[in-house]
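Asker: The residues making up each chain are set out below.
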Amino acid sequence: MTDSTTVSRGAQMADTDDRPVVLRLTDVVKTFPGVRALDGVQLEVRAGEVHCLLGQNGAGKSTLIKVLAGVHRPDSGTVEWLGEEVSFANPQAAMKTGIATIYQELDLVEDLSVAENAFLGHEPRRFGFVRRAQMARVTREILGRLGHAEIPPRRLVRSLPAAGKQIVSMARALSHEAKLIIMDEPSAVLAHDEVENLFRIIRELTAQGIAVIYISHRMEEIREIGDRVTVLKDGRTTAANLPARTTPTRELVSRMTGRTIEYVFPDRPPADASAEELLRVEGLTRHGEFADVSLTVAAGEIVGIAGLVGSGRSELLETIFGARRAEAGTVRVAGRTLRAGSVGAAVRAGIGLAPEERKSQALLLGEPIYRNVTLATFSRLARVGFTNAEREVAEANRIADTLELRPRDVHRAVRQLSGGNQQKVVVGRWLLGETRLLLLDEPTRGVDVGARAELYQVIRDLAAQGVGVLLVSSEVPEVLGLADRVLVMREGRVIHEAPGSELDEETVLDLVMAGALMEGAAA
Amino acid sequence: MTADEATATAVPGEATATAAAPGQTKQHGHGAGANQSWWRSDASDYARRNLGLIGVLVALVVIGIITQPQLYSDATWVKNNTFTILQQASAIGVVTVGMTFVIIGGGIDLSVGAIMALAGVWATTLATQSYGAGGMIFTGLVVGLGVGLVNGVLISYGRLVPFIATLAMMVAARGLAAEISNKQTQVSTSQFINDLASAKLLGIPVLVVILVAVGALGWVLLNRTTFGRRTVAVGGNVEAARLAGINVKAHTLMLYALSGLCCGIGALMLTSQATSAQAAMANMYELDAIAAAIIGGTLLSGGRGTIVGALLGVLVFSTITNLFSINGLSTESQNMIKGAIIVAAVLIQQFRFNALTQFLSRNKAIRA
Chain P
1 MTDSTTVSRG AQMADTDDRP VVLRLTDVVK TFPGVRALDG VQLEVRAGEV HCLLGQNGAG
61 KSTLIKVLAG VHRPDSGTVE WLGEEVSFAN PQAAMKTGIA TIYQELDLVE DLSVAENAFL
121 GHEPRRFGFV RRAQMARVTR EILGRLGHAE IPPRRLVRSL PAAGKQIVSM ARALSHEAKL
181 IIMDEPSAVL AHDEVENLFR IIRELTAQGI AVIYISHRME EIREIGDRVT VLKDGRTTAA
241 NLPARTTPTR ELVSRMTGRT IEYVFPDRPP ADASAEELLR VEGLTRHGEF ADVSLTVAAG
301 EIVGIAGLVG SGRSELLETI FGARRAEAGT VRVAGRTLRA GSVGAAVRAG IGLAPEERKS
361 QALLLGEPIY RNVTLATFSR LARVGFTNAE REVAEANRIA DTLELRPRDV HRAVRQLSGG
421 NQQKVVVGRW LLGETRLLLL DEPTRGVDVG ARAELYQVIR DLAAQGVGVL LVSSEVPEVL
481 GLADRVLVMR EGRVIHEAPG SELDEETVLD LVMAGALMEG AAA
Chain R
1001 MTADEATATA VPGEATATAA APGQTKQHGH GAGANQSWWR SDASDYARRN LGLIGVLVAL
1061 VVIGIITQPQ LYSDATWVKN NTFTILQQAS AIGVVTVGMT FVIIGGGIDL SVGAIMALAG
1121 VWATTLATQS YGAGGMIFTG LVVGLGVGLV NGVLISYGRL VPFIATLAMM VAARGLAAEI
1181 SNKQTQVSTS QFINDLASAK LLGIPVLVVI LVAVGALGWV LLNRTTFGRR TVAVGGNVEA
1241 ARLAGINVKA HTLMLYALSG LCCGIGALML TSQATSAQAA MANMYELDAI AAAIIGGTLL
1301 SGGRGTIVGA LLGVLVFSTI TNLFSINGLS TESQNMIKGA IIVAAVLIQQ FRFNALTQFL
1361 SRNKAIRA
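Those sequence lines, one after another, are chains P and R.
Per the working numbering, the first sequence runs over residues 1 to 523.
Per the working numbering, the second sequence runs over residues 1001 to 1368.
None of these hints come from the bench; they were simulated from the model.
Since no wrong hints were added, every one of them can be taken at face value.
Where chain R lies over chain P, by a calculated footprint (3+ residues, C-beta under 8 Å):
no.	region
1	349-362
2	365-374
3	381-389
In silico contact screen, one side only, chain R against chain P (beta carbon under 8 Å); selected entries:
no.	residue
4	T1225
5	T1226
6	F1227
7	R1229
8	A1233
9	G1236
10	N1237
11	E1239
12	A1240
13	R1242
14	A1244
15	G1245
16	N1247
17	G1303
Pair ranges (Cβ atoms, derived):
no.	chain 1	residue 1	chain 2	residue 2	range
18	P	V29	R	W1219	51 to 59 Å
19	R	V1346	P	E497	53 to 61 Å
20	P	D272	R	L1149	50 to 58 Å
21	R	S1325	P	G341	51 to 59 Å
22	P	R339	R	S1325	54 to 62 Å
23	P	R383	R	G1175	39 to 47 Å
24	R	I1348	P	V384	37 to 45 Å
25	P	V384	R	S1330	49 to 57 Å
26	R	S1330	P	R155	52 to 60 Å
Glycine included, C-beta positions come from ideal geometry on N, C-alpha and C.
Please model the entire structure based on the sequences and the hints provided.
Answerer: Now the structure itself:
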């Protein structure tokens, strides 16, 4: 470390240290059934600073935001806001005291105007009538403060681009006179030049004494806009108040990695070089999602794709499966080209998909387990159009035994199962019939530790039986622990490929975050 | 139920699972039936689900007996009156079966009344009638099926919202019916068609036989075939169905075609009853059919519903109509009662369904 950086670091510390602390979290714990989402979080935010929150997927960032936004109430620990201990009953309560949250999926009403969105739920009123003129005037003022006086307050939000919508979200925060604005990956929806504009606005906000909690995976952004960094891992604060500009990336990454919870991965058998090729994807492209992706999966091989949310991984899997139509490129299964955009063709070719959103994309929650297990195969089990319930139950029982489903009663509604067991039902669906290639999208999201180990074993067993597996996960250790071969995706492109045994978590995270390591080394 | 509870109940569940041999599901059912009161056994599940509607039906009959004791003391009258009620329920009942499929599949068909009018009118034009009863029946069925197919194509492949597509069809089909009939009542000269309404098969009116047959076929189709399973899957979670390889578009198309076909059958039944057809026939049948399906326990958002419940709903409505007519009351007041019944039935079902699912999950956990 050079002298100049030490000096600037010192100056920076002094700069923020004399500002008053507005938010202090001490030992905050929040548990959900089977998961300890927050396990002792410490966080200190000062007025007028940009406080960055770093952590991998599942580290507890989302839960932490929701605690601050009044969506969840902590089980224990204290939240001090402006010097007082608080516990928000609901999001409105948090909003009223000046904590505004801008979620990644902007929660705007598309068919209301900019002003109506900014003042949604607290419109200025007289005799029960909304004072539209006043609302428009104040909105114009706020937009001016944000440097976007050109957005007309009466314009419909639907007609604005993503960056414009984000401005409206911030206008909403300011309409509440927010003293703290939480931004969850605000740059994820923005193009490169729009990010600059976002930063300009953030600087103006902080100059007015407003504190910002900034969440992003992009190291270069944290370096540019952040003042201090707090790192979360497995629901715990592993490092607090590190200087954002000068802390070496390697140190930040190492604070994010290295699990306290040890996942048990089954042994990886040596790769079988003679295995026949099962899937060959060439030049697959969908504009704005992913471009020119080529990959292969052999029989009995597990190929993992690592990448951030938004890197195009889920879209890639769905396109291979035919749920989205490829704009260019081909998908071949055992040498035969699949018809683009046809799920039926993919299923007939022996491909199965366990999608990212279990409940909304894969399950009939009110229907019995066995009907969910046979959802893709009941036609094949049927006799001339008549369903064969007995055989379906028998097959579902067989699957339930293989996957150690709990509870074991296949007549129960799927709704009654835990997340891990629901996932087993989704995976189990494709064990019936002749699935040769399984596409798994975030197979362990929302699954507790015990069920994870079981799912890993199931995936390994499948591969041992000759099924090819293409696995997508935000959790790097999972990809590394399971996959024989790893592809790293960033912004819709495969940027690296290596055997799983030759990669470590830090290298992958680095690639995913776009060469941040080199940048850190230079600093 | 939370994950914790799920795992908690899992422990005893597992014990029985390993102890019982294959085929344990059957023993499971018997055991439950033998050890517990009948209303908790699996066999009574159907009865239990429709208990509310059966209760309403019984209550309506009791009200009939109280208000007209001398009529109800005559066994022949009671038999004939029952047939009257069933005959009045027959055409709308057939249409409701089709509607129930559409709603379970996640859609809605507002055009059923209009399709019936068009099918009825088309089947009774002079040109059609010149081909005899066979030609009329064929025309009625094909027109119903054809219009249903158009609905289906608009919704599946034109990506129109079902509400909009069938609303448009509701207006357009009635317009076409008025155009074809020149706004005149078209009298049926076919003896076969006209006699159908009064004919009996083994002492049971033929129209009632048709209703029972369509109901039975509908039940089998929904509960025992892959078509029915696909319907539930598409209506319950369209994305899950699609990602499981089900051809959602083709299936949706078939659902509306099925509804159209039912309308064709219903139109012929109405034509037979009136010995004529006109553009204004089957007025508001769409609302009656939807209401019957809903009070029969069909979820308007799709994914759940029963044929038996929907037909019980139809019976409740036609029993009310009958009750008012034997007491010489106005049809205006019975519409108010109908409205109240719809609200009451849905309120009771919501309450009961929630209570029931909770009760069942607890009960099953103990049983397992």
